[in-house]
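K.L.:
Read off the chains here:
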Amino acid sequence: MGIRLEVNGRAIEAVKGETVLTALNRNGMHVPTICNLKDLSPSGACRMCVVEVKGLETLVPACSFPIEEPMTILTHSPRVLRARKTNVELLLSNHPDDCLYCERSGSCELQSLSEDLNIRERRIPGKKSPHKMDKSSPAIVRDPAKCILCGRCVRICEEIMSTSCLDFAHRGNELCISTTLSKPLNFSNCTSCGQCLISCPTGALIEHVQFPELDAHIHEPEKIVVAQFTPAVAVSVAEQLGYKPGTNLSGIITAVLRRYGFDHVLETSFGAEMMMMEQVEIYKKRAAEGNGLLLMTSSCPSWVQFVEQSYPELIPILSTLKSPQQILGALIKEWYPKQPGNENKEIVSVVITSCTAAKTEARRVEMSKSGIPVIDLVLTTRELARLIKLSGLDLDRLEPEQPDAPFYSPGSAGKLCGVAGGEIEATVRTLYSNLTGRELPPAKLHRFRIHKSFREMVIEVGDREVIMGTVSGLSNAVALLKEIKNGKRKVDLLEVMACPDGCVNGGGQPLPVDEKVLRNRSKAVYDLDNGSKLHTAHQSPSIQKIYNEVLGEPGGEKSQELLFTTFKKREVLL
Amino acid sequence: MLPDKEFILKLARSAPTELSPEDQERSDLLKKVSLLRPLVMVNCSTSGVVAGAKQTWEAIENYVSDRSIDIDLAETGSIGLSSEEPVVSVQLPGRTRLFFSKVTADRVPNMLDDLFHHVVPDQKLIGQLRQSGHEPWSDLPYLDEIPFFALQNRIVMGDCGIIDPFSMGEYIVGGGYKAFLQTIRSLTISEVCDLVVASGLRGRSGGGFATGLKWKAAFNTPSDQKYLICNAEESDPGAFMDRNLMEGNPFLLLEGISIAAYAIGSNRAYIYIRSEYKDAIRKIKNAILQLRESGLLGDNIMDSGYNLQISLRKGPGAFVCGEETALIASLEGKRGMPSSKPPYPSTSGYLGRPTVVNNVETLSNLPAIIRNGPQWFNGIGPEGCPGTKIFSISGRVRISGLVEVPMGTTFNTIVNEIAGGVETGRELKALHVGGPAGCMVPAEMMDVPVSFESLKSNELVMGSGGILVMDDKTCVVNTVKYFMDYVDKQSCGKCIPCREGTRRMAEILRSIIRKSTDEEGHTTLELFKGVMQLESLAEVMKDTSLCGLGQNAPNPVLSSLKYFRHEYEEHIFDRKCNSNTCTELRSWFIDVDMCTGCSICAKRCPTEAIIGTARHPYFIVQQKCIGCGICYEVCKFTAVYYK
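Residue numbers (the working numbering), protein chains in the order written: chain R, 2 to 575; chain G, 1092 to 1734.
Since the hints were derived computationally from the structure, they do not count as laboratory data. Virtual Cβ for every residue (Gly too), placed ideally from N, Cα, C. Don't take every hint at face value.
What the hints assert, rightly or not - Below, a sample of chain G positions facing chain R; criterion: calculated Cβ distance under 8 Å:
(1) L1403
(2) K1405
(3) G1424
(4) K1425
(5) D1579
(6) G1584
(7) C1586
(8) P1588
(9) E1626
(10) S1627
(11) L1637
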């Protein structure tokens, strides 16, 4: 039912029952928001979206005010602007004056609000609340001094990720975001997915920056520094370097990293293709012995930790493979020491990824050899952007380069893993070939590429039906698993990604992120696949070579030693 | 002969207009109209206990057991004379009840000696209760004649301090539960709503919203389950009228809740009470138990087909949980943080169902309205604002306590005529009405009639009815700071303007009453900036806060700035507190004639502000002095004084 609103003198149509904010946004009119999260119910906490409604005594929050009758609204009257400005000044009065040194300088929402509202003096003096930083987690650093208590992290962690490791504690101006019993973050059930980080408007949540540690390794002649970067990084770092969002910079990144001082540069997609080869064998074995949900992917470190902590009974259904970066990491530490000239050299393995959970994953006992982590450093996309800027290289003058042999796969199967659904799509291509002897035309699976958090598809593989599925966002995964348990859905082979929309939306990605940016990144990954000449892992000559020369058979003893891992129940403070 | 309980229920069920002689006699005993032995009642509710009522009770017990005297010793609530507690009332068989004030344990023996010999002790007598059929005491004032009571109209509070709050029998035999049973037997839900709308009853917690209309909104929202919640989270400093009602007459509140629950179509009611009100909790628990056992609560009440369950829930102690959406969140087990309105609780409240949240005083009005009809209620007080309001008065006033007056009574009547005004030698400066959400009423506005409309037109509010009396020696800025500190601690923290705004305003006020060189280093210029911030911060807080706490927190500041700006300016520019309350603004001096030069003060001074040579008069350096007063305390020669 349509209701007419008059906003700033202009007539717009609204739907009865919807909020003022929805109506404004649909008509291209914007008011600032902080605590509002798309797809979640409005909070009404920050009071930034207040507007003036004729006839009402106080200003009303646009995000939570339902439209029941015609109204006259002013979104930028002097009264409203004064209120917004005072609100932000109040926030600033309790915020560290740290902009120059802050990780979020340049992408901070509080900073942009202050600029938009023309705040140019410290008008409200006063004491700042004392806070301690929490640096306990390998992946995420909490700085409550910079927290503006918008509550976005709390809601994301609870409603989107079913983890709820952060919540409000205390009251009034002692209100803060805290963990259970105020313990350090690494005691909690945090899975390091980093969704809180990318929803945080300020520098209160940042990744554990490891990029300065590179200095100790990069120019040492006794050290061989090997870098690998993921496909999500390749299509996203462009945003921080002035290129059009979605530009694929993989060749340029390789060139930069070599000139920066890395001895070898690889792409994690090689490890992903190894993973697919092994995955097919695991699936075949399980399919011969049982039915129902046979296999859930284990490539997402956050998802794996989530299962270990909260659903340990599902561990038998998880795959027994490491993640692509750990697979490639294991190969790096196996192969490079044996190369001529490397006898007395230390191999330093660096992963550049969009994933914050990879930082925690690298410290797992299972991911170390003789007590030393297989992967030494994990850097996020944002850290890579800093590295590139620090290098001073003019990217426009660089020619794209290829990663080092033998760990270079020219195909696109491994690169598809950047988006949710990509891993399973590429795995099924190899599964199909393995079981039928024929190749599945990639276009047959393009129906799978719709933008939904859960998708499933039935594939005829020879004489049987395989139901492949993908789900992203841990709350969606939990709901899906419940439906599978209740018999409402059937999936045989399930890919689970903790981050909604997959690795392109990982905790280490450039900020700020919105729907348009995510779509550009996903499209870039699909374009890579569409434009490629080689679509499968098993047809890749370099993959075949590795099996022939190093590993033997997929699932064989050497694979088991290097590429497989175990998962176990973990006790955490919930 | 029927046991007491059956007898009471028989009366409740049949509500006869005339009783048989045996029934009348029995009823009179239950109502304490006739007594078999002397009755002594002690106010053992909170106001009595803090004044020593427990010790008084023990003293009375010891007295009668030592002398083997047979009496009925019973607890009662407070009649509202809080500054005169412990109040003890004594009724000898056949004679009217006498009320005595300040009966501490040591006064008990002499008092009872006199009374049991039919001699009236002449000290601290408040008065006698007007009771027909009882022989009055000659030459003693009736309670309803003394100014404190004469000007009140105690339609809600009347039985507090008179009846035994543990006795369901006394309540019912005195006419209680007649209204409820009449309602569920002969009125439809919609008729009850209409009746209350017609009565004009408005919420007594400060909002003043028409109760009947709130009920109708819930009544009109279809749902499988509706809830009635009684808001007994009374956390305003200075407000204790709800506490008194619950401690003095819990059955009245429960009857009111039952009527309200019926009216909105609910069979589930909750009382959300602050956990600090332990006495009220035990009385309400006892009352609910008795009502359940007698069938006045539960399934198919008195064969009417109506089911009702009332449960008590204790709030963990937050002022913000008095706000209805925060209260509902707390009941649901979540953090007590308010949420945006609309949607209002009447359409979507507790567990998403239509919920009506009513105040204790509002609900306690209902039985009388049903019994006497809406026209009767309408006739009390001015048009548009009928009925009475209970005010809790404290501060620099002769009598502190609870006063129930018709709406439209002036502040002058309430404070000066009823509560005795300020002490001799002092002048009334202002009233602070409504606690932390309230406003200041300066002396020149004492003749404003107290009703929602008349106060609003004078830019005042009544809040929940707490009145703090301020005399010429009370500092306005200090009082406002006190309330701002309270709100600062009690803010839930959800929205920016309240969370940060109350903290900054409290800081500014604190810096105003402190010496100019404190850790924040605020100089006079910054303080001036501070006062300008106060007003603009206050206005934004009022305009933007999420709930009533933040929206009303600036009221004391804004209203005091309106009438007492000069006091702020004196504090800021002259650095003086003319009421002599702000100790840090005192200027301390040493009298050269009295000082012996012992140098103790100089040694004890925390800022080394006292200089001098031994055996010569010492001198306080004003710029270094922080006004702590330690020198005054340690000086043996009374040589230190302040101006």
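K.L.:
Could you run down the list of hints and mark each one as holding or not?
P.N.:
These are the hints, each one checked on the structure:
no.	hint	verdict
1	L1403	violated (24 Å)
2	K1405	violated (18 Å)
3	G1424	violated (13 Å)
4	K1425	violated (10 Å)
5	D1579	holds (6 Å)
6	G1584	holds (3 Å)
7	C1586	holds (5 Å)
8	P1588	holds (6 Å)
9	E1626	violated (12 Å)
10	S1627	holds (7 Å)
11	L1637	holds (6 Å)
Checked against the numbered hints listed earlier, the structure breaks hints 1, 2, 3, 4, 9; every other hint is satisfied.
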